[in-house]
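Given chain V, put chain R in place with the hints provided.
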Amino acid sequence: MSQMQFGIFTVGDLTRDPTTGKTLSEHERIKATVEIAKKADEVGLDVFATGEHHNPPFVPSSPTTLLAYIAAQTEHLLLSTSTTLITTNDPVKIAEDFSVLQHLTDGRMDIMLGRGNTGPVYPWFGKDLRAAIPLTVENYALLRAVWDEEIVNWEGKYRSPLQGFTLAPRPLDGIPPFVWHASIRSPEITELAAYYGDGFFANHIFWPASHTQQMVARYRERFAHYGHGTPEQAIVGLGGHVFMRPNSQDAVDEFRPYFDEAPVYGHGPTLEEFTADTPLTVGSPQQVIERTLSFRDYVGDYQRQLFLVDHAGLPLKTVLEQLDLLGEEVVPVLRKEFAIGRPADVPDAPTHAGLVAKAREEGADEAPHDESSSENTDQEASA
Amino acid sequence: MTTIAVVTGGLREPSSTRLLADRLAGAVRDHLPGQDVQMPVIELRHVGRAVVDAMLTGFPSAELEQVFDTVAGADGLIAVTPAFNASFSGLFKSFFDVLPEPSLQDMPVLIAATGGTERHSLVLEHAMRPMFSYLHAVVSPIAVYAATDDFAGAGAGSLDQRIDRAAAAFVRLLSACGPRERPQEYAAELGEMERLLGDLK
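Residue numbers (my numbering), protein chains in the order written: chain V, 1 to 383; chain R, 1 to 201.
Pulled out of the complex, with its shape left as it was, chain R reads as follows:
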């Protein structure tokens, strides 16, 4: 079984960010025919308070911890944010700020964003890609940006085609990476400690 977590940072219900996330998830599934694929969707709006609480207290609520488990245990991630003030939304960033550090290590990630106009499309390359690279994820080369108008356009270069190309690239990456082993939290720190104590002998 392959698990691909879908994190969507849309704030409205219904949300165009969620819509894009669903279409990406559907396209990815189409590129994995005959496979058992689970795609749990995490709507950040639903854990908004828990994310801020975790920032303030330093630990996640039981509910948020389950969400963290879902993300960290997945084989891949589809992450979609609305573009706010030339970047991802604060809630989207906050979620990844409180997610335990090694959760995304070696994880194939498909990034996407929505916005009112296409003028904000570089949010993908200037905000999202560096953040996921920093978190040691493997970011898929083709990202998708959808402006409001894209939900009406058709033909060559249409949103449909871009989604399909991005999904195909992501699935190639996913297959190349193979089944993912979930990184142990604190494994590096404990290894280092054992080494330091070993050196005392």
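Chain V with its partners taken away, still in its complex shape:
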């Protein structure tokens, strides 16, 4: 089991390559995403996560379909999302889709929940954007109930009630997938993650490090407040955005046109300003290593680091080269360096095997094969 997981997350955008004028077809982009994930597995990364979008220019509208297809062609890679929309998806359907994925992958998966940032998705799926936060709370409580309880009797405000509902298939080994709650800017999400003792993932791109620092500090403090352990034992994940070439100036020169045209970056602050103000790192592998190691200075020892490497129209070949550099030069050093000085009571990165072992330990006094682990008692009571 590893202390930290390193991987990549994709938005799944279809952006014109500004250097060639070429835009991939949706078909090409989906196939390229699969190649990227397979390469991540091959170079020894731990995690691949896909976004969920319901509008062009994005392709990943059906994450579990994509993840199951990738899982079938990879060995070690843990498949996840970044994020699954807890607001507009039916939580019962989320439970079903990810339960099947969990069985297919033998537990090599987890899930990251978010609210989404595209307003019209709410009305498209019959939801009210203004109720985004109460929807998040209710939907997640229902998702927990469906995963944690064998027979669910439930009534809420935003969905038809359930009487005598049982999820099929039940979670693998009776252990539901690990849940991360992700946020770019909403501090409410730190509260939700802390309340349940789930993981908190800070997007950590586009925004300055000081913002991430505040959000993570808040989550850690509230995690302890709700009695899940010490602040240092909270489960933290971070995003990051990198572009590398062996020679630092080559990286800057090559990435600049992509940066200048990227939907999220372009036409505002310069590449230099953005790399100074936010965790975006464009340079040599050594620079990426140093920058990434510095994240620990402001969030503490953490569990998961995901990099964005494939957006803004970068060609597949370039993305695969980035993965080579990550796998060969960056991640091995990060694993070694992050392990130094890491206190023994900081939890390892969550995995299915780890959760099963923990549940067995905690349930040793009780029935050994109880469907719900003792750590879920609070959540059952709360649902």
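What the hints contain is simulated information worked out from the structure, not anything from laboratory work. The reader is advised that the hints may include incorrect statements.
What the hints assert, rightly or not - Label pairs and their computed distance ranges (CB to CB):
#  : chain 1 : residue 1 : chain 2 : residue 2 : range
1  : V       : GLU272    : R       : GLY116    : 35 to 43 Å
2  : R       : ARG12     : V       : GLN233    : 53 to 61 Å
3  : R       : PRO14     : V       : THR118    : 42 to 50 Å
4  : V       : LEU129    : R       : ASN85     : 26 to 34 Å
5  : V       : PRO120    : R       : GLU118    : 39 to 47 Å
6  : V       : ARG159    : R       : HIS136    : 33 to 41 Å
7  : V       : PRO315    : R       : GLU13     : 45 to 53 Å
8  : V       : ASP128    : R       : PRO14     : 49 to 57 Å
9  : V       : ARG170    : R       : PRO100    : 19 to 27 Å
10 : R       : ASP149    : V       : TYR298    : 53 to 61 Å
11 : R       : GLU101    : V       : HIS225    : 21 to 29 Å
12 : V       : GLU272    : R       : ASP106    : 36 to 44 Å
13 : R       : PHE151    : V       : LEU293    : 53 to 61 Å
14 : V       : LYS157    : R       : ARG12     : 24 to 32 Å
To be verified - Here's a subset of chain V near chain R, in silico, CB distances under 8 Å, partners left out:
#  : residue
15 : VAL137
16 : GLU188
17 : TYR195
18 : GLY197
19 : HIS211
20 : PRO269
These numbers come from a predicted model, not from an experiment. Where is the CB? At the ideal position from N, CA and C, for every residue including glycine.
Just chain R, lined up with the frame of chain V:
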């Protein structure tokens, strides 16, 4: 100590908008005799690029964040804009668009505007006052509009007298409101979240 932030949206240097802001600030100070009053001046021209960057990226630069802190932490605000196209200037509006939401909550605000002719004076009542009300500020009842000609007029109804009356009204409001507690960003949202989670139990 009382801190009154002065935000001025003039684009030229020297600017008649800044001139009006300075005269208002001076008059307010005169109405607070013997008090320790700080009046930091924020020239929006100096943060123009940072304001647009913040609109595009969603977060302020370190420099702009300091300016936000100055405004949000003040006890009162004097806000002056040039009148452009029957409204406040775009830069003036943009600054308040990127200022974090609760910054002006409960804050006494003295509004003023400048323009080429007095025909634009209702910009105070039709643009500025509603915007600051929307931001939950407490807008002082007397606002000041200065057209170019006003900088020469004298006697009853002169700019001097209007500035003095506006300053007096603003200081009355400021005193009535008392020392201001800076609103915590996201406090309402986090309170609501705790309530929602509490309801699950």
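Tell me the numbers of any earlier hints that the structure contravenes, in ascending order. 9, 14, 18
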